[in-house]
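Chemist: The opening position of the sequence shown corresponds to residue 203 in our numbering, with each subsequent residue numbered one higher.
You may find that some hints are simply not true.
List of simulated lysine-lysine pairs, BS3-like, C-alpha gap at most 30 Å [claimed, not checked]:
1) 383 to 252
2) 378 to 345
3) 271 to 377
4) 390 to 378
5) 296 to 390
6) 296 to 345
By construction, these hints were calculated from the structure, which means they are not laboratory data.
What you are looking at is a predicted structure, and each value in this text was computed from that prediction instead of being measured.
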Amino acid sequence: QTQIAGQSLDASKLDMDVMEQIHQMGGLQLVMPEAFAETDCGALSSSGRKVVEFNLTGESVTLPIMGGKTYNAMTFSGQVPGPTLRVTQGDVVKMTLTIPADEVTGHGNDMHASQMGASNFESVNPGETSQYCYIAESAGIFKYHCSGVKLIGMDQHVLSGMYGIAIVDPVDGYKKLMVEKTSVSNGKVSLDRQFYDADALEFQLQYNQLYLTPEGNYDAGAMFQHHNTATVVNGMQFGYVPNMAHNLLVKGDVNKNI
């Protein structure tokens, strides 16, 4: 998550035995990894960590949807989803966002892998560039998305296409996949357990929904009423099928590439 919420604790309502055990163990201490705070890019350059540069641009483009129609998309670097960021746990990510001068609005970036709130990055105005660095402390697969203009309009920017995936591979590599199959024959239960290497074929799917007016613009009213125009996978309806099917749906010809 990118936000942390806290609340007051009424010790009088807690089990005193538990409180005493906590006290005897040294008490509680909140530990915040470095990823929870923006890190000075200059200082990290000499830290010995690998620095991965991730450059994005905020671009408005027209993209196709089924039925030969198009919609007005907001994108990172002209594509939906945006470029995939892939690093190893412990790497430093240097994220740079540039907004061309001819864009009609500013944009931001909420990088969930950084574990920072979206407000940390603020927003980048048309004609400007901004950068921040963080240490990818936590392994996993994370979403990144536009945070609007200081959070204003974030729904429009994200649902119009400004999202992507960040992959942080564990520093010690992946464990083998274990698959168990149980079978019963003549009242006897048999267990078959197989292990598979982690270097299997990879693919990624990212889902989103489009809420559009007939002109292909974002429709906030439809979003609040849950009346989506399309559900997309990797930016395209039926985005998990081969490209030939995409071509047929959008272009009407399997040989005409999108």
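Chemist: Next step is simple, just say for each hint if it's right about the structure.
Modeler: Checked hints:
About 41 Å separates the Cα atoms of residue 383 and residue 252, which puts this hinted pair outside 30 Å; it is violated. Note on residue 378 and residue 345: the hinted pairing holds, with a Cα-Cα distance of about 25 Å set against a maximum of 30 Å. Of the supplied pair hints, the one linking residue 271 and residue 377 is violated, its CA atoms being roughly 45 Å apart against a limit of 30 Å. Distance restraint check for residue 390 and residue 378: the Cα-Cα separation of roughly 28 Å lies within the 30 Å cut-off, and the hinted pair is therefore satisfied.
A hinted pair counts as satisfied when its Cα atoms are at most 30 Å apart, and residue 296 with residue 390 does not qualify at roughly 57 Å. Our distance criterion of 30 Å between C-alpha atoms is met by residue 296 and residue 345, whose separation comes to about 16 Å.
Going through the hint list in order, the structure does not satisfy hints 1, 3 and 5.
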